[in-house]
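Could you build all of it, start to finish, from the sequences and the hints given here?
Numbering (the working numbering), first residue to last: 3 to 212.
Take these hints with a grain of salt, some might be off.
Said to hold, decoys possible - Derived DEER-like restraints, expressed as beta-carbon distance ranges:
| hint | residue 1 | residue 2 | range |
| --- | --- | --- | --- |
| 1 | 15 | 90 | 27 to 37 Å |
| 2 | 205 | 162 | 38 to 48 Å |
| 3 | 113 | 66 | 30 to 40 Å |
To be verified - Pairs of lysine to aspartate or glutamate, DMTMM-like flavour, derived with a Cα cap of 25 Å:
| hint | residue 1 | residue 2 |
| --- | --- | --- |
| 4 | 177 | 134 |
| 5 | 177 | 65 |
| 6 | 92 | 134 |
| 7 | 177 | 41 |
| 8 | 92 | 57 |
Hints were generated in silico from the structure; no laboratory data involved. Cβ atoms here follow ideal geometry from the backbone N, Cα and C, with glycine treated the same way.
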Amino acid sequence: MTKRTVALRSHPATPFALLAVSLLALGTLFALLRVPMPDAVVYRAEGASVLHGRDLYGFTVTEGRLPATYPPFAALLFVPAALLPVPAAKLAFCAVNVLLLAWLVQLSARLAGRPAGPPLVCAATALALWLEPVFQTFGYGQINLALACLVLWDLTRPPGARGRGAAIGIATGVKLTPGLFIVFLLLRGRGREAATATAAFAATVALGGL
Numbered sequence: 003m004t005k006r007t008v009a010l011r012s013h014p015a016t017p018f019a020l021l022a023v024s025l026l027a028l029g030t031l032f033a034l035l036r037v038p039m040p041d042a043v044v045y046r047a048e049g050a051s052v053l054h055g056r057d058l059y060g061f062t063v064t065e066g067r068l069p070a071t072y073p074p075f076a077a078l079l080f081v082p083a084a085l086l087p088v089p090a091a092k093l094a095f096c097a098v099n100v101l102l103l104a105w106l107v108q109l110s111a112r113l114a115g116r117p118a119g120p121p122l123v124c125a126a127t128a129l130a131l132w133l134e135p136v137f138q139t140f141g142y143g144q145i146n147l148a149l150a151c152l153v154l155w156d157l158t159r160p161p162g163a164r165g166r167g168a169a170i171g172i173a174t175g176v177k178l179t180p181g182l183f184i185v186f187l188l189l190r191g192r193g194r195e196a197a198t199a200t201a202a203f204a205a206t207v208a209l210g211g212l
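In structure tokens, the structure reads:
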């Protein structure tokens, strides 16, 4: 290993440069392929349905004629996307997902008992962008990273923290899959957290039904 290589690896700006290059490469690839991000278009349409008082499940969008499939509560959260033109909404989804991926790296490190500083977070985020589940999340414009962050944040909060379990319930209100973690809490004997999660989920159902 040359001295130049060692110096490059030890330079404090290297992780940040790696993230910048990775983001530039991803953006260039998406632009060249004209990635459609169909799910983001559906989310935006769901938000528009709420904003304009239209039937949430009475439309289809994109060439694939995709319908709305998420609960009404999720559509409420998508209203801000409806205020943007489609290209801007897609860009916003990508930007938010980058931030969420960095947070997910931090939460994962915390769960493993090895807190990560900014250099490690940047380097890990740069590499994680190209993992298949993450790459597909960006390509389709999905909200998987947001749901994962809600679940992991809840699981890594200090024992006895006020409202622990609520974030899992909210995630379940957006998409039912995170509800598996309510079962996980029950199996681990964390009944209070499971009850909080269930109550939060019920609140999202009630809010979505208004």
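Outcome of the hint check:
1. At roughly 30 Å, the beta carbons of residue 15 and residue 90 sit within the given window of 27 to 37 Å.
2. Taking the beta carbon of each, residue 205 and residue 162 are about 22 Å apart, not inside 38 to 48 Å as hinted.
3. A hinted range of 30 to 40 Å for the beta carbons of residue 113 and residue 66 is consistent with their spacing of about 36 Å.
4. Restraint check: the Cα-Cα separation between residue 177 and residue 134 comes to about 21 Å, which is no more than 25 Å; the hinted pair holds.
5. The hinted pair formed by residue 177 and residue 65 meets the criterion: a straight-line CA distance of about 24 Å does not exceed 25 Å.
6. A C-alpha spacing of about 19 Å is found between residue 92 and residue 134, which places the hinted pair at or below 25 Å, so the restraint holds.
7. Our distance criterion of 25 Å between C-alpha atoms is met by residue 177 and residue 41, whose separation comes to about 14 Å.
8. Our distance criterion of 25 Å between C-alpha atoms is met by residue 92 and residue 57, whose separation comes to about 23 Å.
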